[in-house]
Each structure stands twice: as C-alpha cells, then as structure tokens.
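Order-wise, the sequence lines are chains A and B. If you're matching positions, the first sequence starts at 1 in my numbering and goes up one per residue. If you're matching positions, the second sequence starts at 1 in my numbering and goes up one per residue.
Rather than coming from a laboratory, the hints here were simulated on the basis of the structure. Just so we're clear, the structure is a prediction, and the values are computed from it rather than from any experiment. Using N, Cα and C, we set each Cβ at its ideal position, and we do this for glycine too. Heads up, some of the hints might be wrong.
Ranges between beta-carbon positions, derived for each pair [stated by the list, open to error]:
id, chain 1, residue 1, chain 2, residue 2, range
1, A, LEU285, B, LEU369, 40 to 46 Å
2, A, ILE306, B, ASP268, 49 to 55 Å
3, B, GLU247, A, PHE118, 32 to 38 Å
4, B, ASN65, A, VAL124, 48 to 54 Å
5, A, LYS119, B, SER486, 34 to 40 Å
6, B, GLU70, A, GLU33, 26 to 32 Å
7, B, PHE371, A, LYS119, 27 to 33 Å
Which residues of chain B face chain A? A few of them, derived with a C-beta cut under 8 Å, are [as the list claims (entries may be wrong)]:
id, residue
8, ALA76
9, VAL323
10, SER327
11, PRO328
12, LEU338
13, GLN348
14, ASP351
15, SER361
16, PHE371
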Amino acid sequence: MVQRRKDISSELITLGVFCALQIGIMRVFTVLEPRFMSVDNLLGLLNLVAPMALVGLGLTFVAVTGYADMSFHFVSCFGGMTMSHMIAQGLSPLPAILIGGGAGAAFGVINGVMIGKFKLPDMVATLGLGAIAFGMAYLYSGGTQITDHFNDSGIKLLYTARVASIPLPVVLTAIAYAVGFIVLNRSTLGRRFYAIGSNATAARFSGVRVERYVIAAFVICAVVACLTNIIKMSALAKGEIEAGLMWLMPAYSAVFVGVSVFKKPTVMGTFLGALLIGTVQKGFLLLGKSTYVMELVMGVLLIVSIVVSRIDFKEIIRRRRFRAELAAGGGVS
Amino acid sequence: MEELSLEMTGIVKEFPGVRALDGAEFKLEHGEVHALLGINGAGKSTLIKVLSGVYRADAGQITLNGRQIEISSPQAAIDAGIATVYQDPQMIPSFTGYENIFLGAESESTGLFPRIRRKKLLARARGLLEKFPVDIDLTRPVGELQAVEKESIAILRALSRENMSVLVLDEPTSILTRKEIGILFEQIRMLKESGISIIYITHRLDEVFQIADRLTVFRDGRNVATCNTSAEGIDHARIAELMLGRELSHVYPPKGQPPDDDVLSVKDLALAGRFSETSFTAKRGWILGVFGLVGSGIDDLCKTLFGVLHRTAGVTEINGRKVALASPADAIANGLFLVPGDRRAEGQISDESVAFNVILSNMARVAGLGFLIRRREERLAAWSMVEELDIKTPDVAAAVSLLSGGNQQKVVIGKGLYTDGEVYVFQEPTVGVDVGAKAGIYEMIRRLSADKGVIVVGSDCEEIYGLCDHAMVMYQGRVVMDKPASEVRLEQMLLCGLTGKARE
Ligand SMILES: Nc1ncnc2c1ncn2[C@@H]1O[C@H](COP(=O)(O)OP(=O)(O)OP(=O)(O)O)[C@@H](O)[C@H]1O
Ligand SMILES: [Mg+2]
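Please take these sequences and the hints and turn them into a complete structure.
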C-alpha cells in the first residue's frame with residue numbers, strides 16, 4: 001500500500017538546532033561579558049557580519065555550480081588596489097569603484113573560461129590565477145599603502161554613509177541578498193546553476209549552456225569579493241594590499257555552515273553561516289582575545305559544520321519512531 | 001524440508017510517503033536462479049537494498065543458511081557472503097576500472113607500496129576477466145567508459161567477492177548488449193553449478209525462461225506469486241498479468257498511417273571516425289526506427305544530431321528550414337529533443353525534484369517576466385506530466401533519485417514532452433521500464449508521431465521493429481539497411497545489425 005505521511009523535514013530540525021546554537025553562543029558571551037548585548041555591540045556585530053555575508057554570497061554561486069574558487073580573496077586585493085589607485089589618480093569614487101569591480105570581473109571570466117571551457121581542475125587553476133592577481137596588485141604600490149585622496153574624494157562615504165540610520169554596507173548587503181535569493185531560489189537562472197552543480201552533463205543535454213553559467217558564477221564571485229574589499233578599504237581609509245586576504249576563511253565557513261543546515265549551498269544558509277561566524281568573532285573581539293584564537297575557533301566551526309552536514313537527522317528520527325511503535329506493541333501495519 | 005539458502009519474512013520498509021515493502025516474503029533455495037519480477041516501483045530494488053545492508057528494514061527477519069542474521073551495513077552483507085550488483089552502481093568516476101572493482105576491499109598490503117598494490121590489484125582484476133571475458137580496458141577511468149562497460153565493472157566487482165553464497169543482480173541486462181548477456185548467463189550457470197544461489201531482477205521476460213528456475217512476482221511491496229518457471233500455464237502473458245494485476249492486451253500499438261510531410265530532414269550527416277554520411281527523414285504520422293548494436297554508431301549519431309558532438313559534415317532541416325545545431329541548447333530551441341541513452345549520466349538531475357527536472361528544458365513556460373518561476377504553475381505542469389506518463393511518486397517535490405528506476409526514465413521522457421518540440425529522438429526509450437509501462441510509452445510515442453517527427457533509436461531490435469514504420473540499421477558507422485518496415489522481417493533486421501549484411 002502506498003501511504004502518505006507528513007514527515008518533519010530534516011531541514012527544519014537542523015534549522016532548529018542551528019538557531020539554538022546561535023542563541024546559546026550569544027548567551028555564553030553575554031554571561032562572560034554583559035556588554036555583548038548592548039546596542040553598540042549589536043550594531044558592531046551587524047557591521048562585522050555584513051561584509052562576511054557578502055563575500056560568502058558571491059562564493060555561494062560558485063559552490064552551487066559545484067566548483068571551488070581559491071582566488072576570490074586574491075582577486076579582491078587586486079580589485080581593491082585598482083580602486084585605490086584610481087582614487088589616488090584623482091578619479092571620483094563611483095567610476096573608481098566600477099573599475100575596481102570590473103577588474104574583478106575580468107579575473108572571473110578567466111577563471112570561468114579555464115574551468116568551464118578548458119576543464120582545468122578548479123582548485124589549482126583558481127589558486128594559480130589568484131597568485132597572479134595578487135602579484136599584479138603589487139604593481140600599483142610597490143607593496144605599500146595608497147592613501148592619496150582617500151580623505152577628500154568622498155570614497156569614505158561608502159562606509160560611513162547611512163540610509164535611514166542604517167550603515168550603507170549593511171544596506172548594500174541586504175540588497176545583494178535580496179537579489180541573490182531571487183536569482184538562486186526563484187529564477188530560471190538559479191535552476192540552471194543548481195542543475196550544473198548536480199549533473200553538468202545532464203544539464204547540457206537539457207539545453208543549459210553550461211559554460212556561460214560557469215563563467216557567470218566565477219564572475220559574480222570575483223566581483224562581489226572586490227566590492228566587499230573596496231568597502232573595507234574605504235573603512236580603512238587607505239588602499240592596503242593585504243586587506244583582502246582575510247576573506248577566504250569566513251566566506252568558506254559561511255557557505256559550509258549553510259550547507260550543514262540545508263544540505264546544499266543556499267543563499268539563506270550562507271547568511272546564517274556568516275551570522276554565526278560573525279557572532280563568534282565579535283564575542284572574542286569583545287573579550288579581547290587574540291585573532292589567533294579566533295582563527296582557531298573558525299577552523300573548528302568549519303570542520304564541525306562539514307561533519308554535521310553529513311548527518312541524516314530525518315532517518316534517525318524515523319528509526320526512533322518505528323522502534324517506539326514496535327515497543328508499544330502496535331505493530332507496523 | 002531442505003534448508004533454504006535465504007529466507008526473508010515480513011520485511012517492511014517505509015520511505016516518506018511510500019511503503020515500499022509491506023510484509024514482503026522471499027525464499028531462495030540453494031543453487032537456484034530465482035527471478036524477481038514486478039512493475040516499476042513494486043519494491044524489488046528496495047528488497048535487494050535491505051538484503052545488502054544499504055537500507056535497514058523497519059521490520060522483518062532475514063535468515064541466511066538457517067541462521068538468523070542482522071545486516072546492518074553493506075560490509076556486513078559482504079561478510080555474510082551476499083554479493084550485489086545494484087541497479088544504479090555507485091562508482092568513483094576518476095578511479096580506474098580495477099580500482100573501482102576493489103574499492104573498499106583492497107585492504108591487504110595497502111599504504112606503503114601503492115605501486116605494488118596497484119600491480120597486484122590489476123593482476124587480480126585480469127584474473128577476473130578470464131572468468132568473465134568482456135572486452136574492457138580496466139586501466140581507464142570509469143568516468144570515460146560507456147554505460148555497458150560500467151555495468152560490466154559492477155558485475156566484476158560482485159564476482160570478486162570471495163566466500164560468496166548469494167549473488168544478487170538487479171537489472172544487469174537492461175544496459176548490457178547481447179554479447180555481455182551471453183557471457184553473463186554462462187557465468188550464472190557456472191556459479192549455480194557450484195551451489196551459489198542467484199537472485200535475478202529483470203523486465204525482459206524472455207530472460208526469465210532462459211535462465212531462471214523459479215520466479216517470484218512482487219506487487220505493491222508484497223509477493224503475489226512464486227512458482228517454477230516450467231510450471232504449467234506460466235508464460236509471458238501470465239507473468240505480465242501477475243505483475244500488473246490485469247491482462248495486457250498488446251505491447252506494440254498499431255502501425256502508422258501513410259506518412260505526411262517531412263518534419264526533419266537530415267542530409268549526409270557525418271562524424272569523422274565514428275560514422276559516415278547518413279541521411280534520413282522523420283515524417284508526421286510515421287515512426288523512423290534505427291537499430292544498431294552498441295558501438296555501431298547509433299549513440300554518436302544521436303549525439304551529433306542533437307549537437308552534443310560536432311558534426312564534420314551534414315545539413316539538418318526542421319520543417320523545411322535549415323538549422324545549425326551546435327549544442328543541445330540550439331537543438332531544443334529549434335524544436336529537437338533527445339531522450340538520451342544513458343539516463344543517469346545524461347538524462348536526469350538526480351538530486352533535484354521531479355518538478356525541477358520536468359520543466360528544466362523549457363522553463364520559459366512557467367516563468368513570469370521571462371525569468372521568475374511561478375511555483376504554482378510549475379507544480380501543475382509537473383503533475384500533469386506525472387499523470388500523463390503515470391509516474392509513480394508521492395509528490396512532484398520528491399527527488400528523482402528516490403524514484404524507482406523505471407519511473408526515473410519516465411521523468412526524463414516527461415522533460416522532453418514538456419519542451420513541446422517538433423522532433424523527438426528516443427534513444428533506448430524503455431530501459432528499465434516494466435512491461436505494462438512499456439506498452440504505455442509505446443502508445444505515447446505513437447500518439448506523438450501523429451503530428452511530430454519521431455525517431456526511435458536503440459539496440460533492442462524487437463522494440464525498434466515492433467514500433468517503427470520505416471527501419472534503418474547501422475553497423476560499424478554505416479547504414480546497412482534502409483527500407484519500409486513492412487518489407488523486412490525481424491530476423492532479417494537483427495541479422496543485418498549483427499553482421500552488417502542485408503540478406504534476402
Ligand atoms: N530512498 C528512497 N526514498 C524514498 N522513496 C524511495 C526510496 N527508494 C525507493 N523509494 C520508493 O519505493 C518504491 C519502490 O522502489 P524500488 O526502487 O524498490 O522499485 P523497483 O521494484 O526496483 O522498480 P524498478 O523496476 O523501476 O527499478 C518506489 O515507489 C520508490 O519511489
Ligand atoms: Mg529497481
């Protein structure tokens with residue numbers, strides 16, 4: 001007999017576990033340091049989470065198509081330094097930002113062509129291109145900082161401006177997430193990204209132009225990383241070549257924490273991941289712990305989330321229920 | 001009473017929304033070949049997966065050689081002497097054939113000297129090839145092999161198990177060609193001689209009489225009959241009736257009307273090194289059948305026509321208009337759809353839902369503003385396909401990988417129908433589909449041919465012959481027969497495909 005029965009979805013369970021974890025962590029920090037729940041700190045948390053969520057969003061596109069990008073943090077250094085260079089040359093902020101983002105797009109295209117068209121192994125190819133991008137970033141400054149015109153060009157507004165008293169970076173991130181969500185979850189484009197990630201050959205046989213989408217994913221990842229880094233530089237008020245390197249870990253952690261909740265890379269999952277990681281970081285910062293401790297905790301989080309992503313909670317619960325039914329003597333039919 | 005080799009009683013296995021096994025019984029005697037039959041979704045593969053430790057039954061008992069056992073993992077099943085060839089063998093594409101054969105079993109001398117280990121493994125694999133002499137290169141990555149070669153690797157993997165007492169074969173012949181089937185049957189007979197019991201699942205009923213001693217029919221997760229294959233009154237029709245629970249009036253639909261205008265016309269299509277200049281047409285009201293063995297070029301022909309491979313010569317016209325098909329996307333945009341031969345690799349996005357798959361090739365039909373998917377329409381579209389093709393699934397949101405093999409094939413066909421194209425090429429359209437559903441698919445193809453161009457391509461001669469109005473046969477990359485179906489007999493067509501010579 002075919003029976004229908006509503007099962008609690010595995011996602012909901014994991015989501016519940018995840019929320020409990022998030023709240024738990026916040027409580028622990030509050031106990032250790034009551035200032036954790038202050039408005040100031042929470043606003044700071046938002047400012048910290050926003051850029052991590054943003055790079056993570058870009059990486060999500062690459063992860064959905066089934067690839068890895070080891071270059072976006074390097075590329076973001078190049079994009080950021082390009083922008084800084086333009087500012088120093090006296091260009092106004094908007095074109096400087098666009099040129100910085102465009103530089104990222106160019107690297108994204110190269111990544112996408114190498115991997116989508118020429119089928120090079122993604123890890124190695126992107127790592128190689130990333131090294132090139134990072135090397136090229138040096139050309140602008142000879143390895144030092146760029147500070148010219150940072151204070152008078154208005155670029156700092158990118159970080160300091162507020163929209164309805166919400167910081168501009170937070171607003172930009174929110175907009176990016178809204179767009180990202182619609183594209184990946186609700187649009188035909190998103191379906192094609194997911195189809196490729198799941199079975200590229202079948203996607204091709206179904207009429208998906210696979211190469212184009214792979215290129216698009218890498219371009220999105222690179223551009224978003226560059227923009228994030230540009231925001232960071234406007235916060236630092238200088239072009240700092242190594243500023244972009246820090247994005248690698250949080251981006252991957254955010255994506256994988258997301259995968260541990262939803263079993264595949266998703267926009268929602270990446271956001272939750274960034275939130276969790278940001279919370280942990282903020283807590284440690286507040287407690288005055290060194291950044292090394294922070295790195296360590298992030299590493300642990302990444303590994304734990306990968307482990308969790310492999311557990312099938314639904315199956316466990318189903319087995320429990322069956323055993324209970326049997327024990328109750330109710331039989332199974 | 002003689003002790004049984006294997007006895008499974010009261011097996012229950014439930015999946016969300018589906019009770020796949022509902023108190024199933026199965027008894028296997030020593031040294032017999034026991035055919036397990038049933039329509040798509042009857043629960044055959046699920047029973048096998050319970051037996052081989054992939055799934056744990058919710059209830060029921062398994063007794064092996066008189067001892068009740070608990071099979072908690074695939075390894076436990078192997079240790080107990082149960083070797084399995086799954087319907088959907090899992091392999092690591094980047095690993096070579098012999099590495100896949102010994103995957104998980106290469107324990108002896110691992111680690112320090114991988115080279116020696118590899119040599120040893122390769123030698124052992126070659127030893128297996130002597131027992132099961134198929135023609136494959138075991139040193140190539142499995143990802144580069146054809147479906148039939150992958151299946152052979154899966155069989156070699158099962159045969160490599162020492163201490164085997166039960167061998168399970170889940171639809172091995174739906175992919176194999178005549179040659180490998182012959183070798184496999186030979187092997188089965190030898191194993192049987194040595195006292196090993198074999199469970200054999202198939203949808204090809206003539207094989208049941210060729211190889212099996214007894215048969216069990218499943219329906220809705222329960223057995224409805226077990227008997228000797230030589231028992232009185234047991235024939236194709238009777239078995240089909242047991243499987244379906246109703247009589248099956250005919251398998252092939254009546255032949256078509258005199259052909260109408262050309263929908264597709266292909267001139268001198270060629271792919272250097274694979275097949276030479278080939279011309280054919282597909283007409284409304286008419287089915288073109290192309291028969292050829294694996295390796296005869298039919299697979300390349302389909303892929304070249306569809307734009308997966310890049311033709312070295314040839315012109316394609318659809319409805320009198322010349323079209324350039326450089327990719328499947330172009331082909332679909334111009335109204336040509338291919339239901340590919342290798343369903344798992346080329347046909348379906350297994351992790352995604354039925355609805356996702358059905359609309360994938362024509363999402364514009366359910367999209368607002370050109371790109372936003374209207375999910376209500378999507379569900380409705382998917383449900384209408386599920387009904388039209390009688391796909392057994394609890395919901396259109398269920399992942400395709402959770403459907404039974406035959407129902408997965410129907411999803412791929414549904415994706416094609418949903419493109420509402422002009423020309424359909426069906427490559428091996430009924431792989432893994434049960435007798436009843438086959439008749440349904442044939443009828444659907446016949447109906448479709450009333451106003452579309454339809455080409456059926458495959459290595460199952462009887463199917464092509466039964467279905468087509470015009471027969472083409474390929475052999476070693478050449479067309480060796482091309483005439484109206486009414487002028488050929490089945491034996492002629494088969495012989496022509498086997499030898500390349502059309503004898504009168
Ligand atoms: N992992 C799973 N999760 C949910 N449902 C499943 C799963 N595996 C099988 N089913 C369902 O259980 C039923 C029996 O499937 P099974 O694969 O055993 O059929 P089958 O007899 O092997 O059919 P076929 O001849 O098409 O291979 C089907 O309705 C199928 O959709
Ligand atoms: Mg099956």
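Verification of the hints:
1. LEU285(A) / LEU369(B): 40 to 46 Å: Taking Cβ atoms as reference, LEU285(A) and LEU369(B) lie about 44 Å apart, which means the hint holds.
2. ILE306(A) / ASP268(B): 49 to 55 Å: holds (54 Å)
3. GLU247(B) / PHE118(A): 32 to 38 Å: Since the Cβ atoms of GLU247(B) and PHE118(A) sit about 57 Å apart, the hinted range of 32 to 38 Å is violated.
4. ASN65(B) / VAL124(A): 48 to 54 Å: Holds - the Cβ-Cβ distance for ASN65(B) and VAL124(A), about 52 Å, lies within 48 to 54 Å.
5. LYS119(A) / SER486(B): 34 to 40 Å: violated (48 Å)
6. GLU70(B) / GLU33(A): 26 to 32 Å: Hint violated: Cβ distance 52 Å, outside 26 to 32 Å.
7. PHE371(B) / LYS119(A): 27 to 33 Å: Between PHE371(B) and LYS119(A), where Cβ atoms are some 28 Å apart, the hint holds.
8. ALA76: violated (17 Å)
9. VAL323: violated (14 Å)
10. SER327: Interface hint status for SER327(B): holds (7 Å vs cutoff 8 Å).
11. PRO328: holds (5 Å)
12. LEU338: holds (7 Å)
13. GLN348: holds (6 Å)
14. ASP351: holds (5 Å)
15. SER361: Cβ of SER361(B) sits 5 Å from chain A, so the hint holds.
16. PHE371: holds (5 Å)
Going through the hint list in order, the structure does not satisfy hints 3, 5, 6, 8, 9.
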